[in-house]
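Start from the sequences, fold in the hints, and give me the full structure.
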Amino acid sequence: MRAPRTLRPLLESVAAVSVGLLAGGVLIWAFGHSPLAAYRALLMGAFGSREDLLETLAFATPLLLTALTFAVGVRAGLFNIGAEGQVYLGAVGAASVAGLLPLPPGVHLLAATLAGMTAGALWALVPAMLKAWRGVHEVISTIMCNWIALHLSMYLAITFLAEPGRAERTIPALPTARYPVLSEESTLTAVLFVAVGLALGVYAYLWGTRAGYELRLAGENPDAARYAGVRPERVVVLSFVLGGMAAGFAGASQVIGRPPAWSLYATLGNVTTLGFDGIGVALVGRNHPLGSVLAAVLFGALVQGGRLMEYEVGVLSELVRALNGIVVLAMAVPELWSLLRGRLVR
Amino acid sequence: MRGRTWLPWAAGGVLVVAAGRLLEWAGLPPVSLLETGLLAMTPLALAAVGECLNEKAGLVNIGLEAIFLLTATVGVWFAELGRSGYVGLLGGAMTGGLLGLGLGAVSVYGRADQIIAGIGLNVFALGFVPFLLISLWAFPGIHVFPNELMVSRLRTPIGQVSPVTLGAVGAAVLAHLLLHRTVLGFRLRAVGERPEAVDVAGLRVDRLRLLTATIGGTLAGLGGAFLPLGWFGALVKEISAGRGFIALACVVFAGLEPLLALGAALLFGLADGFASAVAVTPGVKERVPFYFVAMIPYALTLAVVAVVIGRRRFPSTVGRPYVRE
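Protein chains in written order, with the numbering used here: chain A, 1 to 346; chain B, 1 to 325.
Source of the hints: derived by calculation from the structure; they are not laboratory data. Just to be clear, a hint being listed does not mean it is correct.
To be verified - Some chain B residues near chain A, calculated using beta-carbon distances under 7 Å:
#  : residue
1  : GLY82
2  : TYR86
3  : ARG111
4  : ALA112
5  : ILE134
6  : LEU136
7  : PHE139
8  : ALA197
9  : ALA201
10 : LEU203
11 : ILE239
12 : GLY242
13 : TYR291
14 : ALA294
15 : ILE296
16 : THR301
If you're wondering where the values come from, they're calculated on a predicted model, not measured in any experiment. Quick reminder that beta carbons are idealized off the backbone N, C-alpha and C, glycines included.
So this is what it looks like as structure tokens:
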């Protein structure tokens, strides 16, 4: 029995997520809690009410964006794990324009959004140029950039952007630079629509334009791409800039698109780990912008549901992130699929 | 390759002298810099030497960062259970070996994309270590253990040196001899270059690769447990702080030669020690924001990989699973 070709990727993703949940269940059990009670709380916390569902979407929004970063990289044959640092600088960029620069309504929101995206893209240019011109492996360069970005962003946030008298966060975004809140009962704002729009835009770009085709060709078959005259440097820079824009917007979304603080914490606490969490989202979404939308809702649900799980069952919500890692590991193993179907007889 | 063995050593030497002068001028004895530098070198060297062997045999483990994080935590846990820092080091090394073996098995038998599998391990550790910290010690983010669990240091003319540091130097020498002077080393190198030939010759490609993955993991695990038990004296949730990737940079920098990797680790270790020293030096700390000092090791890693490495030649099958035709 063969699964239809279009269904197979979906089933593989479901299998990987199941492996993650199963392993998470074992961990919950190993530390003396009931996996069933924990997962019930998780499910209720994520989808139990309209309020929870909206909050799930609010958590999904930045994850969708950082997933785009990783997905565009993989499509070009690159492992851009620098979304983390690009998120920090995107948040700093958005916070500075939103908090310091008085502009008319509309223009201000656009300017703050673009500032976040530009800051993310500029930060992504560093590993892009090192890769294109020096052949430096992007896994090492992006991680180094993440750490430099952490210290740089904290420095900028504390030295230039700190709210007078309240050193723990930056000056909040002026009301003219805030995305409208969709419903009073959650922190979801219209930033969700912009994020989904960006995902659709990336999809249209990758599958509808010549540059997008070249990018995918370089990722799938570098030799064929070179033969067809695709310049690899261009592809590297392009995919990093696109990814950096998405990640930068993810950082911006937590400042100008998320109440109640409307600012960046000096510890970067409200933007850290978004970049790494996006990797799992991208892989489960099969490195496809539209798949990433669905996967982001799933992972957003894990984060939102994890809060109730911690509150009700006492299982720490950090477990959700560990679970994310197991899902990534499971996605890496192509033989897992055959194993699950009992076909590993060689 | 061999002709350039002196290069990182010379670069390291110049850096030592220059940094020593600078620190003397700033009012800090160079001996303390060397002490910190050697401490910082140790985990990098251990992980990098193991990864050299691993990559020679055709596998890539970019999960070194995760192994550092997890074994630092498990190491402290073992040390408290066994009431000895050495038990902690042993526990860390064993855990690292198991993690390496697991990742190796996933790569060899699961034909995993090794980069993605490594990323997965890293993401897992990022979430699991804070979880463990709270589960084991009911304290978020940080755990300070009794001081008597620290692995004691030896008094030498160049300051206090940890026995683990000597172990790291020994591991580099042994790995070099293993690779270039033994039949097993010849086979490991052959497995990285021509796995099909090794297979035809009747040797087990899978077992050789699992062996290097386990050795690499064990050494990285020793390095991870060393971080709290031999160096910091406490455990924080981001204790590895990118050092797993700096170790990978050492491997690339060294072109997979263990002795060169040791030199690279010393270079990065001194930069790390320099950063920690500058951060507390009166007269400097008021003028240079701590944030910029903290960037030094990462910026240096970036600069070194960009300037020195260029494109190195790696075993032809690095990162690719072997499929018997």
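ask   = Regarding the hint that TYR291 of chain B lies at the interface with chain A, is the smallest CB-CB distance below 7 Å?
value = Holds. Min distance 4 Å.
request  = Answer holds if the nearest beta-carbon of chain A is closer than 7 Å to that of ALA197 of chain B; otherwise answer violated.
outcome  = It is violated, given that the least Cβ distance between ALA197 of chain B and chain A is near 22 Å, above 7 Å.
query = Does ALA201 of chain B pass the interface hint, meaning its C-beta sits closer than 7 Å to a C-beta of chain A?
reply = violated (21 Å)
ask   = Regarding the hint that ILE134 of chain B lies at the interface with chain A, is the smallest CB-CB distance below 7 Å?
value = holds (5 Å)
Minimum beta-carbon distance criterion (7 Å), PHE139 of chain B to chain A = Given a least distance of 12 Å, the restraint on PHE139 of chain B is violated.
Agreement of hint GLY82 of chain B with chain A interface, Cβ distance less than 7 Å = At about 21 Å, which exceeds the 7 Å cut-off, the nearest Cβ of chain A leaves the hint on GLY82 of chain B violated.
message = The hint names ALA112 of chain B as touching chain A; please verify it with the least Cβ-Cβ distance against 7 Å.
response = holds (4 Å)
key: Residue hint ALA294 of chain B, partner chain A, criterion CB-CB below 7 Å   = holds (5 Å)
ask   = Holds or violated: LEU203 of chain B as interface residue toward chain A, Cβ cutoff 7 Å?
value = With a closest approach of 19 Å, the LEU203 of chain B hint is violated.
ask   = Does THR301 of chain B pass the interface check with chain A, least Cβ-Cβ distance below 7 Å?
value = holds (5 Å)
message = Quick check on LEU136 of chain B please, does its C-beta sit within 7 Å of some C-beta on chain A?
response = Result: violated, 9 Å to nearest chain A Cβ.
inquiry  = Given ARG111 of chain B as an interface hint, is its Cβ closer than 7 Å to any Cβ of chain A?
reply    = holds (5 Å)
In this structure, the earlier hints numbered 1, 2, 6, 7, 8, 9, 10, 11, 15 are contradicted, and the remaining ones agree with it.
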